[in-house]
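Line by line, the protein sequences give chains A and B. Under the working numbering, the first sequence has 470 at position 470, and the numbering climbs by one with no breaks. Under the working numbering, the second sequence has 170 at position 170, and the numbering climbs by one with no breaks.
Hints were generated in silico from the structure; no laboratory data involved. Take the hints with a grain of salt, since some may be wrong.
Stated by the list, open to error - What the simulated footprint calls covered on chain B by chain A, stretch by stretch (three residues with Cβ under 8 Å from a Cβ of chain A suffice, anywhere in the stretch; the number is not a length): (1) 1-15; (2) 32-46; (3) 135-142; (4) 150-163; (5) 170-177; (6) 183-192; (7) 202-216.
All figures in this text were calculated on a predicted structure; none of them were measured in a lab. Note that beta-carbon positions come from the ideal geometry of N, C-alpha and C, so glycine has one too.
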Amino acid sequence: MTVNGWLQIVAFCAALIILSPLLGRYMAKVYTGERVFLTPVFGGFERLLYRCFGVNPKREQDWKSYAKSLLIFSLAGWLILYVILRSQTIQPWNNYGGVTFHAAPWDVTFNTVSSFLTNTNWQYYGGETTMTYFSQMLGLAVQNFLSAAVGIVVAVALIRGIIGRSGKSLGNFYEDFTRTILYVLVPISFVSALVLVSQGSIQNLGHYVSVHGISGIAQTIALGPVASQEAIKLLGTNGGGFFNTNSAHPFENPNGFTNYYEMLLVLIIPASLVFMYGRMLGSRRQGIAIFATMFVLFIGGVTVAYAAEAHGSPAQRAAGIHTQVIANSTGGNLEGKEQRFGIAGSAIFDVVTTVTSCGAVNSSIESFTGLGGAIPMANLSASEVIFGGVGTGLYSMLLYVLLAVFIGGLMVGRTPEYLGKKVEAKEIKLVALGILITPLAALFSTSLATASAAGRASVYNTGPQGFSESIYAYLSQANNNGSAFAGYTGFIQPAAGNVGSHGVTFADLLGGFTMLFARYAPILFALAVAGALAGKRVSPVGLGTMRTDNPTFVVLLLGVILLVGALTFFPAILLGPIVQALTGRLF
Amino acid sequence: MLRDLRTGFLSVIVFTILLGLGYPLLVTGVSQGIFPGKANGSLIKKNGVVVGSALIGQQFYEPLIGKNGKQEVVKGVAQTQPDPRYFQTRPSSTSDNDASTAFSNLGPNGKTTLTAFQGYIQTYLALNTAPDKKPYDPAVTSAAQLPVDAVDDSASSVDPNISVANARIQAYRIAAVRHLVLSTVDGLVATYTTGRSLGFLGEPGVNVLELNLALDPLTGSK
């Protein structure tokens with residue numbers, strides 16, 4: 001570890017702590033319908049869109065109506081994306097890689113569509129060998145916007161349920177959705193895309209360039225509209241790379257500055273939503289308490305991952321490689337990492353993208369050390385509540401908050417209340433289901449994949465590493481993260497060529513269903529909780545009211561999150577990365 | 001219900017056009033106007049011909065000539081080896097194939113990983129050893145003296161950079177085979193070293209393609 005590495009970590013946290021309250025304040029205005037500086041620009045256009053869709057934004061929806069709009073919108077998105085990805089041979093901008101890109105087969109497409117619809121962006125294909133510019137722009141990047149907005153509006157609806165003083169209304173789905181796109185996602189993405197291009201990220205619609213290098217060796221340089229997709233891929237915590245090597249590719253992430261900027265893009269909305277929550281409640285302390293909980297878990301992960309990667313791997317030591325920092329070299333486990341990011345830049349990026357549901361990678365998680373690889377897995381085991389995905393993080397965290405309130409209430413022997421609203425049997429049942437459904441999906445799919453021959457066909461490495469690949473695959477897909485121990489079916493990629501990616505049907509289908517189930521079931525539970533809380537009366541704060549905005553509550557909340565995560569996943573994680581961390585043996 | 005379906009499909013289609021065509025084409029237009037070189041891949045030309053991208057690593061290899069004086073061919077593929085006259089990039093699982101990038105996916109505790117590392121170490125040490133069996137850089141005799149980037153795979157498989165330590169070791173070889181003064185080569189290394197962004201973000205790196213392009217004029221090659 002180096003002083004400079006720690007400096008990068010401190011600088012990153014500082015920027016996050018300074019910027020997210022500002023964006024949070026802005027977003028609170030967007031969702032309470034206040035005027036913002038972009039209203040003159042987009043206001044008229046916004047109303048035009050509502051007329052075009054045939055919706056009345058002033059029509060208030062209860063939770064069932066809100067959920068119905070969301071599900072129908074998602075269904076339409078799924079079908080349209082499937083059609084786009086399967087029709088590559090008749091699309092414009094094809095044959096730009098020198099050969100006609102065929103569509104990936106139905107099973108890979110099923111997985112990819114489910115993946116992008118659910119904000120997961122798990123990829124059983126390599127971008128530059130499989131996808132046309134048309135599919136990337138009109139299919140995948142569009143869902144990067146739409147799936148992000150769906151996540152955010154669910155969080156907004158849950159907040160409205162919690163603060164609702166009368167009636168059952170959670171707002172209007174299409175209004176929240178359209179405002180998210182126009183006032184939040186598009187402006188930040190547009191500016192960010194230009195920032196990335198200014199640093200060397202590419203943005204064009206040209207043919208791949210074939211060159212002969214200075215030694216005369218032929219090389220094809222893949223191009224495309226990368227920066228526009230890169231910006232929303234990170235901002236919307238999507239994570240699906242334009243290229244197969246994702247944000248490690250120099251065209252997606254050209255230097256140390258873009259690496260830092262991209263990490264901020266990933267965390268900025270999840271962190272801001274917490275501050276937005278505090279503002280919408282009228283009690284910023286509530287938001288700060290949740291932010292503090294998330295931040296403690298985040299910084300813990302960064303510290304361990306950085307230390308583990310700086311230490312180097314058993315395979316390096318066995319080969320006699322000196323892994324200490326020497327002059328003008330990073331030292332550490334640089335296998336599967338880029339020189340320009342080094343150890344610290346790779347470790348922070350890894351933690352940032354696995355605490356959120358982003359899943360972008362700038363280094364190969366498969367090549368992380370045992371302990372370094374255990375951190376992303378632990379992050380996933382916490383069900384994406386450490387900042388989490390855009391929207392999903394906050395609504396999942398609020399379910400944990402309700403659980404903590406319930407447990408706290410039991411401990412002091414009073415009816416649990418959250419912000420003056422009684423948390424009763426019905427709510428707590430919904431909360432428990434909402435919390436347990438994701439781990440259930442992850443463990444069920446992992447055991448199915450591990451126990452069956454069809455599942456084992458996807459595994460690339462041997463020993464505990466092979467098990468890590470399996471469990472990571474389903475942890476990642478169930479939590480809608482999308483990062484991977486990329487050996488899992490990844491060994492098929494290089495042989496796939498430019499005629500559509502081949503996959504393992506079993507893994508494609510199991511993963512696809514896992515993602516869909518683990519996305520929409522918790523959304524429905526979160527909206528149901530919102531509906532149940534919306535109509536409740538608010539009782540005044542008394543002496544015996546448990547406070548949810550002080551350090552005691554932060555500790556209680558931390559305990560609940562760690563306990564649930566550890567109880568569900570610790571035995572499984574023990575078998576993979578922990579074994580590797582504890583031994584110097586090679587497998 | 002029918003009305004809901006109509007709204008659902010209509011909104012997805014409208015957003016697809018706005019966000020899938022409007023947004024990226026606007027970004028493309030502005031980028032091509034302000035940063036045309038970067039937006040098109042930071043391509044580098046030599047004598048008017050594009051030879052690569054400053055951001056994409058490439059192989060600097062020469063044909064492998066067998067004992068009979070002919071090009072070695074295995075299964076119809078002409079064999080190549082690192083060209084000692086050029087700085088070499090980091091190990092790549094795809095031989096710097098930018099049209100199909102991939103991670104190495106070598107695990108931290110893998111025997112295959114060890115084998116791969118041993119291969120990289122052997123290649124690197126062999127390349128940096130003179131025909132008289134002495135290392136070009138007298139300080140580099142075993143794996144323990146090598147910077148990690150020289151013997152660990154990159155992530156993107158097209159990493160354009162190497163560490164300064166790696167470049168300094170190779171500079172001894174370049175100076176010897178090109179009959180240059182070491183300080184001249186070290187000077188070039190310094191010229192093509194990019195420091196940390198804003199002084200503290202990321203790690204310094206030497207751009208191998210740009211450095212190699214600057215070498216040729218020194219020795220009178222074209």
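Checklist entry - Taking a Cβ-Cβ distance under 8 Å as contact, does the stretch 1-15 of chain B have three or more residues in contact with chain A? => result With 13 residues in contact (Cβ-Cβ under 8 Å with chain A), the coverage given for the stretch 1-15 of chain B holds.
Checklist entry - How does the coverage statement for the stretch 32-46 of chain B fare against chain A, requiring three or more residues with Cβ below 8 Å from a Cβ of that chain? => result Satisfied; 10 residues make the cut.
Next on the checklist: Can you tell me if the stretch 150-163 of chain B counts as covered by chain A, using C-beta to C-beta distances under 8 Å and a minimum of three residues?
Outcome noted: holds (count 13)
Checklist entry - With a Cβ-Cβ cutoff of 8 Å, does the stretch 170-177 of chain B contain at least three residues near chain A? => result violated (count 0)
Item to check | Claimed coverage, the stretch 183-192 of chain B by chain A - three or more beta carbons nearer than 8 Å | outcome: violated (count 0)
Checklist entry - Three or more residues of the stretch 135-142 of chain B near chain A by CB distance under 8 Å? => result violated (count 1)
Next on the checklist: Can you confirm whether chain A covers the stretch 202-216 of chain B, using C-beta to C-beta distances below 8 Å and requiring at least three such residues?
Outcome noted: holds (count 8)
Checked against the numbered hints above, the structure breaks hints 3, 5, 6 and satisfies the rest.
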